[in-house]
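Engineer: Each residue of the sequence shown is one higher than the one before, counting from 1 in full-length UniProt numbering.
Worth flagging that the hints you see were computed from the coordinates, not collected in a lab.
Some clues are possibly wrong.
Label-pair restraints from in silico Cβ distances [unchecked claim]:
| id | residue 1 | residue 2 | range |
| --- | --- | --- | --- |
| 1 | ASN207 | ARG87 | 48 to 58 angstroms |
| 2 | PRO83 | ALA6 | 16 to 26 angstroms |
| 3 | VAL14 | VAL132 | 30 to 40 angstroms |
| 4 | ASP143 | GLY269 | 15 to 25 angstroms |
| 5 | PRO283 | VAL132 | 15 to 25 angstroms |
| 6 | VAL132 | ARG205 | 16 to 26 angstroms |
| 7 | ASN207 | VAL132 | 28 to 38 angstroms |
| 8 | ASP62 | ARG205 | 52 to 62 angstroms |
The C-beta atom is built at its ideal place from N, Cα and C for all residues, glycine as well.
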Amino acid sequence: MITAVAIVMSTPDVNGLDEAVDALGEWQVEGAPMQLHPGDLGWYRRFGAEATAAAVRTWRRDGRVLAVGLLDGPDLLRVTTAPDVRRDAELADRLVEDLTDAGRGVLPDGRVSVEAPVDALLQDLLPDHGWVAGEPWTPLRRDLSAPVEDPGVRIEVVGPERAPLWAAVIRASFDRSTFTEQRWHAMAQGSPYRDARCLLAHDTRDNAVAAVLVWSAGPGKPGLLEPMGTHRDHRGHGHGKAVNLAAAAALQRMGSSSALVCTPSSNVGAVATYRSAGFRPRPEVRDLTRPA
Numbered sequence: 001m002i003t004a005v006a007i008v009m010s011t012p013d014v015n016g017l018d019e020a021v022d023a024l025g026e027w028q029v030e031g032a033p034m035q036l037h038p039g040d041l042g043w044y045r046r047f048g049a050e051a052t053a054a055a056v057r058t059w060r061r062d063g064r065v066l067a068v069g070l071l072d073g074p075d076l077l078r079v080t081t082a083p084d085v086r087r088d089a090e091l092a093d094r095l096v097e098d099l100t101d102a103g104r105g106v107l108p109d110g111r112v113s114v115e116a117p118v119d120a121l122l123q124d125l126l127p128d129h130g131w132v133a134g135e136p137w138t139p140l141r142r143d144l145s146a147p148v149e150d151p152g153v154r155i156e157v158v159g160p161e162r163a164p165l166w167a168a169v170i171r172a173s174f175d176r177s178t179f180t181e182q183r184w185h186a187m188a189q190g191s192p193y194r195d196a197r198c199l200l201a202h203d204t205r206d207n208a209v210a211a212v213l214v215w216s217a218g219p220g221k222p223g224l225l226e227p228m229g230t231h232r233d234h235r236g237h238g239h240g241k242a243v244n245l246a247a248a249a250a251l252q253r254m255g256s257s258s259a260l261v262c263t264p265s266s267n268v269g270a271v272a273t274y275r276s277a278g279f280r281p282r283p284e285v286r287d288l289t290r291p292a
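Could you put together the complete structure from these sequences and hints?
Structural biologist: What follows is the structure, encoded as structure tokens:
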């Protein structure tokens, strides 16, 4: 039995969330595999500060944060590490122990999944414990070193007074969405939102037809789109392409080096929409799943 006593896993309190966000921001570098982003914690913040803190796990050695995980639902842990410890054996062994033992309080018994960078040693070790590849996802990236095309529609940057409209477009874009104005305000109170922008695209009749939220990790680092949606009553008119161009332009103005997004490979319409806005697919990635 590997004990790895030098590495400690913990759940931060509300005041400790910023440390996890800061660590994730530091770890975002160009050319790295798709990984957990500060914007992912920022988007989860819609459920409130306490719920977000309860969903976060950190792993430390000698006080330094080595890995951050987000329980994005009861059966999915999204985890990443500092770039220099992706192949650290002690950290990987500790993560395997914590993820395979329900008593550790990270994942429950039964069918669960883990998302981790493809170059992490964790990816090599979990299959030895019965984990198998899950559904494929397609990461996409748009380089922001060149000017971004004009989206061709009116783009609105949303503040608190327009939160109800942004929330309504998001609900109309996803069949099971429960997003509300109240959740927008809860999200906007989190520290990641200082480096975020909510955008609305309007058609020629000034209907709000598509929405996107972009998250910067700081100048010179990749930014994230999460979420992006087109109102179900206004699809098929290029509004998804337009709002994705607006998202890329917003991140460029904020100093981001690139714009990233990840979507299920089975959602061929979403992949095509991102590609139409200049996002280029990267190799597919898969979660690792432990069957029930």
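Engineer: Honestly, which of those hints from before does the structure not fit?
Structural biologist: 6, 7
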